[in-house]
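K.L.:
Sequence:
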Amino acid sequence: DNAFLSLQDKFAVQCEQRSELSAVLNEKEQLIDGLRNSLNKKDVDIQLAESNVQALNNEVELLREELEKSAVSLKKHLDGKDENIATSHKKINSLSVELESA
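For the sequence shown, position 49 (counting from the first letter as 1) is numbered 43 according to my numbering, and the numbering increases by one without interruption.
I should point out that these hints are in silico values taken from the structure, not numbers from a laboratory. The model shown is predicted, which means the values in this text are computed figures rather than measured ones. Check before you lean on any hint, since a few could be wrong.
With a straight-line cut-off of 27 Å between C-alpha atoms, the simulated DSSO-like cross-links for lysine-lysine are [stated by the list, open to error]:
1. 22 x 35
2. 70 x 85
3. 22 x 36
4. 63 x 85
5. 75 x 63
Restraint-style ranges between C-beta atoms, simulated for each label pair [claimed, not checked]:
6. 63 x 87: 33 to 39 Å
7. 63 x 32: 45 to 51 Å
8. 8 x 48: 56 to 62 Å
9. 92 x 71: 50 to 56 Å
The beta carbon of each residue, even a glycine, is placed where N, CA and C say it ideally should be.
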């Protein structure tokens, strides 16, 4: 009779421990799920950031190309103006020589 009560007590203790361990396991699984979700969100955020960086790099490259084209165009325009000014100075000098000799 005493042995039976002892076994019942041990069984009750083991049932309680199992219940406690089950609750702890459930908490840990929820924690792991939360961490996995956070990790997945972080991965998505990183991918989005990398995509944004790539888009900005592409935009910078396009702007750089446009700037180079503008610089070439401006240089050609200024060179043309310089030629016009040089031609005008030659004409002025030529006319000045003609006036002085007249």
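K.L.:
With reference to the structure, classify each hint as holding or not holding.
P.N.:
Each hint tested on the structure:
For the suggested pair residue 22 and residue 35, the alpha carbons sit about 20 Å apart, so the restraint of at most 27 Å is met. As the CA atoms of residue 70 and residue 85 are separated by approximately 22 Å, the hinted pair is consistent with the 27 Å bound. In summary, the hint linking residue 22 to residue 36 is supported, as the alpha carbons are separated by about 21 Å, within the 27 Å threshold. For the hint linking residue 63 to residue 85, the alpha-carbon distance of about 33 Å lies beyond 27 Å, and the restraint is violated.
A distance of roughly 18 Å separates the Cα atoms of residue 75 and residue 63; the hinted pair therefore holds under the 27 Å criterion. Restraint check, residue 63 to residue 87: a C-beta distance of roughly 36 Å satisfies the suggested window 33 to 39 Å. Here the CB-CB span from residue 63 to residue 32 is close to 47 Å, well matched to the stated 45 to 51 Å. Between residue 8 and residue 48 the Cβ separation comes to about 58 Å, which falls inside the hinted range of 56 to 62 Å.
Remark: the range hint 50 to 56 Å for residue 92 to residue 71 is contradicted by a beta-carbon distance near 32 Å.
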